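*Asks:* Residue-level listing of the chains:
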Amino acid sequence: MIIEPRLVITMAVICLVGIGIYGLLITRNLIKVIVALQILVKGAILALVLAAELQGQIQLGQSMALTLIVADTIVAVVGLALGLQVRRRVGSLDLRDLSKLKG
Amino acid sequence: MPALLTLCTILVPWLGAVAIWMLGDKRQKTVGPVAVTFSVLAALAALCLYPFATAGVVVSIPMGDAFGSLSFRPDGLAALLTVIATVIGSLAVIFSLDYMKGEHQLPRYYSFILLFIGAMAGLVLSSSLLYLFFFWEITALSSYALISFNNDDPKAVRGGIKALIMTQVGGAGLLAGALALFSATGSFEIDQVLANPVAIPAGLLAFAAFGFLVAAAAKSAQFPFQTWLPDAMEAPTPISALIHAATMVNAGVYLLARFYPAFAEVPGWKTAVIAVGVITAFSAALMAIVAGDIKRVLAYSTVSQLGYMVYAIGLGAVEAAQFHLLSHAIFKALLFLSAGAVIHSVGTRDIFRMGGLGKRMPFTRLAFVIGSLALAGIPVLNGFWSKELILEAGMETGPAWGYILMLAGAGLTALYTLRVTWLVFYGKPREDLHVHPAGKAMKTALLPLVIGSIFSWLLVAFVTRVSANTMPYHHMEAMDITTLVQEVIMNPGTLIALAVILAGAGTWLVSQRVRFFEKSLGWAVHSIQASFGMESINDAITRLAGFAGEKLRITQTGLISWNLLYVVIALILACIYLAVGA
Amino acid sequence: MPLKHFSTLLILPLAFSPVIYLFGRVAGSLEKKNTGPNISRWLLMGVISGGLYALVRLYPVSMAGEKVRATWGTVSFQFDGISLVLIGSTLILGLLSTLYSGRYLAGETGEEKYYALFSILIGSIICLVSAADLFTLWLCFEIMAVSTYTLVAFHRQNAAALEAGVKYLVQSALGSVLVILGIALVFGERGSLALDTLKASGAQTSGLLAAGGLILIGFGIKAAIVPLHTWLPDAHSQAPSGMSAMLSGVVIAAGLTAMLRALSALGVPASVWGCAFLTLGAINMLVGNLLALRQVEVKRMLAYSSISHIGYLLTGLGFALYLGVINGAEGAFFHLMTHAIMKGLAFLAAGAFLFVLLPHDGSHGPLKIKDLQGAAGKYPLAALTFSIALLALGGLPPLAGFMSKWVIFTAGFIAKDGWMTAAAIFMALNSVLSLAYYAPVINRLYQRESSDLVKAGSKIPASLNIPLVILAISTLLIGLYPAILQPIYQLAGKNLLALFF
Numbered sequence: 168m169i170i171e172p173r174l175v176i177t178m179a180v181i182c183l184v185g186i187g188i189y190g191l192l193i194t195r196n197l198i199k200v201i202v203a204l205q206i207l208v209k210g211a212i213l214a215l216v217l218a219a220e221l222q223g224q225i226q227l228g229q230s231m232a233l234t235l236i237v238a239d240t241i242v243a244v245v246g247l248a249l250g251l252q253v254r255r256r257v258g259s260l261d262l263r264d265l266s267k268l269k270g
Numbered sequence: 092m093p094a095l096l097t098l099c100t101i102l103v104p105w106l107g108a109v110a111i112w113m114l115g116d117k118r119q120k121t122v123g124p125v126a127v128t129f130s131v132l133a134a135l136a137a138l139c140l141y142p143f144a145t146a147g148v149v150v151s152i153p154m155g156d157a158f159g160s161l162s163f164r165p166d167g168l169a170a171l172l173t174v175i176a177t178v179i180g181s182l183a184v185i186f187s188l189d190y191m192k193g194e195h196q197l198p199r200y201y202s203f204i205l206l207f208i209g210a211m212a213g214l215v216l217s218s219s220l221l222y223l224f225f226f227w228e229i230t231a232l233s234s235y236a237l238i239s240f241n242n243d244d245p246k247a248v249r250g251g252i253k254a255l256i257m258t259q260v261g262g263a264g265l266l267a268g269a270l271a272l273f274s275a276t277g278s279f280e281i282d283q284v285l286a287n288p289v290a291i292p293a294g295l296l297a298f299a300a301f302g303f304l305v306a307a308a309a310k311s312a313q314f315p316f317q318t319w320l321p322d323a324m325e326a327p328t329p330i331s332a333l334i335h336a337a338t339m340v341n342a343g344v345y346l347l348a349r350f351y352p353a354f355a356e357v358p359g360w361k362t363a364v365i366a367v368g369v370i371t372a373f374s375a376a377l378m379a380i381v382a383g384d385i386k387r388v389l390a391y392s393t394v395s396q397l398g399y400m401v402y403a404i405g406l407g408a409v410e411a412a413q414f415h416l417l418s419h420a421i422f423k424a425l426l427f428l429s430a431g432a433v434i435h436s437v438g439t440r441d442i443f444r445m446g447g448l449g450k451r452m453p454f455t456r457l458a459f460v461i462g463s464l465a466l467a468g469i470p471v472l473n474g475f476w477s478k479e480l481i482l483e484a485g486m487e488t489g490p491a492w493g494y495i496l497m498l499a500g501a502g503l504t505a506l507y508t509l510r511v512t513w514l515v516f517y518g519k520p521r522e523d524l525h526v527h528p529a530g531k532a533m534k535t536a537l538l539p540l541v542i543g544s545i546f547s548w549l550l551v552a553f554v555t556r557v558s559a560n561t562m563p564y565h566h567m568e569a570m571d572i573t574t575l576v577q578e579v580i581m582n583p584g585t586l587i588a589l590a591v592i593l594a595g596a597g598t599w600l601v602s603q604r605v606r607f608f609e610k611s612l613g614w615a616v617h618s619i620q621a622s623f624g625m626e627s628i629n630d631a632i633t634r635l636a637g638f639a640g641e642k643l644r645i646t647q648t649g650l651i652s653w654n655l656l657y658v659v660i661a662l663i664l665a666c667i668y669l670a671v672g673a
Numbered sequence: 007m008p009l010k011h012f013s014t015l016l017i018l019p020l021a022f023s024p025v026i027y028l029f030g031r032v033a034g035s036l037e038k039k040n041t042g043p044n045i046s047r048w049l050l051m052g053v054i055s056g057g058l059y060a061l062v063r064l065y066p067v068s069m070a071g072e073k074v075r076a077t078w079g080t081v082s083f084q085f086d087g088i089s090l091v092l093i094g095s096t097l098i099l100g101l102l103s104t105l106y107s108g109r110y111l112a113g114e115t116g117e118e119k120y121y122a123l124f125s126i127l128i129g130s131i132i133c134l135v136s137a138a139d140l141f142t143l144w145l146c147f148e149i150m151a152v153s154t155y156t157l158v159a160f161h162r163q164n165a166a167a168l169e170a171g172v173k174y175l176v177q178s179a180l181g182s183v184l185v186i187l188g189i190a191l192v193f194g195e196r197g198s199l200a201l202d203t204l205k206a207s208g209a210q211t212s213g214l215l216a217a218g219g220l221i222l223i224g225f226g227i228k229a230a231i232v233p234l235h236t237w238l239p240d241a242h243s244q245a246p247s248g249m250s251a252m253l254s255g256v257v258i259a260a261g262l263t264a265m266l267r268a269l270s271a272l273g274v275p276a277s278v279w280g281c282a283f284l285t286l287g288a289i290n291m292l293v294g295n296l297l298a299l300r301q302v303e304v305k306r307m308l309a310y311s312s313i314s315h316i317g318y319l320l321t322g323l324g325f326a327l328y329l330g331v332i333n334g335a336e337g338a339f340f341h342l343m344t345h346a347i348m349k350g351l352a353f354l355a356a357g358a359f360l361f362v363l364l365p366h367d368g369s370h371g372p373l374k375i376k377d378l379q380g381a382a383g384k385y386p387l388a389a390l391t392f393s394i395a396l397l398a399l400g401g402l403p404p405l406a407g408f409m410s411k412w413v414i415f416t417a418g419f420i421a422k423d424g425w426m427t428a429a430a431i432f433m434a435l436n437s438v439l440s441l442a443y444y445a446p447v448i449n450r451l452y453q454r455e456s457s458d459l460v461k462a463g464s465k466i467p468a469s470l471n472i473p474l475v476i477l478a479i480s481t482l483l484i485g486l487y488p489a490i491l492q493p494i495y496q497l498a499g500k501n502l503l504a505l506f507f
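Residue numbers (my numbering), protein chains in the order written: chain A, 168 to 270; chain B, 92 to 673; chain C, 7 to 507.
Please keep in mind that the hints were generated in silico from the structure rather than gathered at the bench.
Predicted, not measured: the structure shown is a model, and the values here were computed from it.
Treat each hint with caution, since some may be false.
Said to hold, decoys possible - In silico DSS-like pairs for lysine-lysine, Cα to Cα no more than 30 Å straight-line:
1) B:K192 <-> C:K461
2) B:K642 <-> A:K269
3) B:K117 <-> C:K461
4) C:K205 <-> A:K209
5) C:K374 <-> B:K642
6) B:K642 <-> C:K376
7) B:K117 <-> C:K384
8) C:K376 <-> B:K246
9) C:K374 <-> B:K246
10) B:K192 <-> C:K384
What the hints assert, rightly or not - For the chain A half of the interface with chain C, some residues (derived, Cβ under 10 Å), not all of them:
11) V180
12) V184
13) I186
14) I188
15) Q222
16) G250
17) Q252
18) S266
Beta carbons: idealized from backbone N, C-alpha and C, even for Gly.
Let's have the full structure, built from the sequences with the hints guiding it.
*Replies:* In structure tokens, the structure reads:
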């Protein structure tokens, strides 16, 4: 039985996005948050490529995907830099120690 | 000429406000005289404006599409109120020279008084609904700033904020009504509404009518908004005299009077107005009888007398309301300023700690007594004539329950007036009080008011003629002195009223023991002192808002997982909404 | 000719930012310690002034109704009234904020980076509000977001600032991802991402509806719509004050604009969005005001107040989209501009107090309202301008906030629709409620008894006072004569309705 590539990609998108959101919600470690975010973004990029392919404009889709990869790498870098500073000042990467600002 | 004078009555005080703020704290000594100069100039401009009163719009500056024009129309009612605002304003400023001597941050005080005077003039002279609201809000701002002038006293700050919030809530009524009228007529001009009220759809007109009633009730401290005025007595007394007796609280009455021709036919409106007036007048009179703070007595008295004016408008007797407005402004300012002289001299506002002050403050006693006689409605002072006109209108055209309660109110007025005068100025003087007579500036301010209280009713012919000529939509009739005298003296209602008044005064003399009422009426007194439960409603609303805010803070957990969860939930809700709604 | 100016506007700030950084860094390592940041600052102000010049040259063109388009390959930009409003606000507030930040940030590490990132921020906002296709829109949005992440966490010795930055980053990144998913859905349905093409494509499908939901929430995080607002109180209160002014004044408005541009292309009937905006606006106003009532820190209170002002904007936009009442859109853009001025002034004034009353080493707690007690005696100018800002935010005349809220109110009544009228009255009551937390601050400022911090405070430098004066005078002028800004917001309103109807 031939499995449609598009179906596979769609399932992949749903899995990645789902894992990403689930990870974001339940994790307690800042690095894991950033990882979950990255998974989420990869799922989104895949979705965009899939959409481009469906419309027959794979070139545009690929260039957008590359741009997105760059953009979200920058976000990851900034996030990790902040994480580094947090580790230095607060001493831990646990999200519960990062909840002084409330109310 | 009228255009220039109109603009002067607003811009001269405002220029003064800016100038005084610029002078700042470095030259505090000059601030008072500068303020006096500007306010007197404004008063002169208003007095010169009055003979030039006209029904037409004299200034009209287009301000943009959504804003209409900045337009002014100095007709009889507007010009009269401008004169009251500026003249009593300058008297209050002159009084402040003595009263506020040695206080801190005086530039702020005088600046805001002048801002207020200009704004009050602008409010009544305005012929555009937007700019009426604009100046209305500025008077609210000045009132707040002046009530809480002494920022270090938490009671004053609370009183100021309470006044601000309550009058602003009423302001929302004015906003809603004004915009409803705008949506119907397409213009902000008041004359558009007055000229042809039947062209406005009935629903919108009723909405505007009741919205304006809410705004007027809040501004004039009528039921159910009367609780802010007694707390506003934390303001320096000249402010109480100017803003909370003679001018700003009249803005509500002015609003009702101005729009009467448009709203008179709205079903239920006139009855509602009469009801508000009667309930306020009667309940406030009861509260004045049991109050122990001299300014509170006068505050409740103001609320009560405003109730009379509102009642008169509900009856359709706009001339009587206007006349009583003039009389009340004069004698109430007189009473407040005299009370101010007493408070400044003795250092307390508690009437049970005063007594026998008349011997050492004869001029003040004279002023206060004249004011009291006018308030009680004793002939031949100005209060007598105007109150009688109102009562007669009530007897002739109003509902019977209204007339009886207002008549009883007149008696109660005499009662509390005599009570407070007696307790403060007569009886045995106390040795522990340090009393000094009123200063020169204070006397200078009080004298014109005394003369006014005795003689202002003689102007009835002039005032009503100007009004009749310049207010085409109100269908007012000029009345001259002989008519006035005849109407009042000959009317049997007058005799009934006088009888009730004397009965009221007599009640006090008979039960002269101090604190008679407080002791015998017990629970009733407590309920009255708490404004019949209105204070607790206010309290409940404030605490509800604070409570809601405090509970909402729990949602701001500080934990990012919760924040992200909110996002996911919002996403789900958005998708549901879009699936269902589109 | 207009194309030249438009291109300058788009490219200048972004291109110059590395220049700003490098000049500042090199000068800093070669010369005295202070010169580096100063050079960066002057360069940045030069860049912003250049942008203002280009904007002024573009102004008559856009007033005449001409649309200016700039295209490079697949990336295209279009200048219309909405862009004018946002770019004008950004540049003016940016200029004043930069001038202000000179003394405010003096001596902090990495100051040149601040100015460089600021330049990127301004450049990305300019590109964002002029974007003519969805992907460029997203990209500029992302650049703007990334530049703000580090700007918020600028005081990195302060654990609270780091915390605020982290939370902001995570939430904002989630928002960006949701938008990408939305864009993917749109692309999959329609095959093009150019806004004009999309608009002409025809009616909605369920895919586009889902995209709409994703875009609403994704951009809504940045636009501080409740319940997506939770990052805002932390971020706006912990950022350096010049940055708080920009964030509250312009960045959240830019997020809202991005949302509007994206939603207009989906083919969903405008009344759906209008209804959503009215509901969300009402919730924003109430939640923002209630939460602000209980705040004891000055900047946090101002941050919650920003949430309620977004509510006013949403209400105005809702009026416009629900029944096509142009006053709503005009009022919303007018309020956007006046809010930028008033909230900017409030944050800058609060920052001035923070600067003189609290130590600069990052060890201080936040500035509390009770610390401001009696400040007017020692700092009359700052206290006056702060009071003007607060009164204006509360909607009292003769200040700007009254006039902008008035235009939104007229929209609610013009259509004579019951729900819209109720929404307008709700907005008026919320405006009154907001006075309950603005007024006590003013009372505290003017007390005679000063707090200990005020007694020990130093003098406020002139470069902090000048922006305060300029913004305060603008507030007063606009309040007295609102027609100054009328052509601008009327054009923007017209453009918005053209986008949706």
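*Asks:* Evaluate each hint against the coordinates.
*Replies:* Comparing the hints with the structure gives:
1. Taken as a hint, the K192 of chain B and K461 of chain C pair is honoured in the structure, with Cα atoms around 26 Å apart against an allowance of 30 Å.
2. This hinted pair checks out: K642 of chain B and K269 of chain A have alpha carbons roughly 13 Å apart, not beyond 30 Å.
3. At most 30 Å may separate the alpha-carbon atoms for a hinted pair to count; K117 of chain B and K461 of chain C meet this at roughly 19 Å.
4. A C-alpha spacing of about 29 Å is found between K205 of chain C and K209 of chain A, which places the hinted pair at or below 30 Å, so the restraint holds.
5. The straight-line distance between the Cα atoms of K374 of chain C and K642 of chain B is roughly 21 Å, inside the 30 Å bound, and the hint therefore holds.
6. Taking the CA atoms of K642 of chain B and K376 of chain C, the gap is near 22 Å; set against the 30 Å cutoff, the hint holds.
7. Straight-line distance between C-alpha atoms of K117 of chain B and K384 of chain C comes to about 13 Å, which keeps the hinted pair within the 30 Å bound.
8. Between K376 of chain C and K246 of chain B, the direct Cα distance comes to roughly 17 Å. Compliance with the 30 Å bound is thereby established for this hinted pair.
9. With a C-alpha separation of about 22 Å, the suggested pair K374 of chain C and K246 of chain B falls inside the 30 Å cut-off, and the hint holds.
10. With a C-alpha separation of about 22 Å, the suggested pair K192 of chain B and K384 of chain C falls inside the 30 Å cut-off, and the hint holds.
11. At a threshold of 10 Å, the smallest CB-CB gap from V180 of chain A to chain C is about 8 Å, leaving the interface hint in force.
12. A cut of 10 Å between beta carbons decides the hint on V184 of chain A: the least distance to chain C is about 7 Å, and the hint holds.
13. The beta carbon of I186 of chain A is not positioned within 10 Å of any beta carbon in chain C (closest approach about 13 Å), and the interface hint is therefore violated.
14. Because the beta carbon of I188 of chain A sits about 8 Å from the nearest beta carbon in chain C, less than 10 Å, this interface hint is met.
15. Look at Q222 of chain A: its Cβ gets to within about 4 Å of chain C, closer than 10 Å, so that hint holds up.
16. Interface restraint check: G250 of chain A against chain C, minimum CB-CB distance 7 Å, threshold 10 Å, status holds.
17. About 5 Å separates the beta-carbon of Q252 of chain A from the nearest beta-carbon of chain C, less than 10 Å, and the hint is met.
18. A least Cβ separation of about 8 Å between S266 of chain A and chain C falls short of the 10 Å threshold, and the interface hint therefore holds.
In summary, the structure is inconsistent with hint 13 from the numbered list given earlier, while agreeing with all the others.
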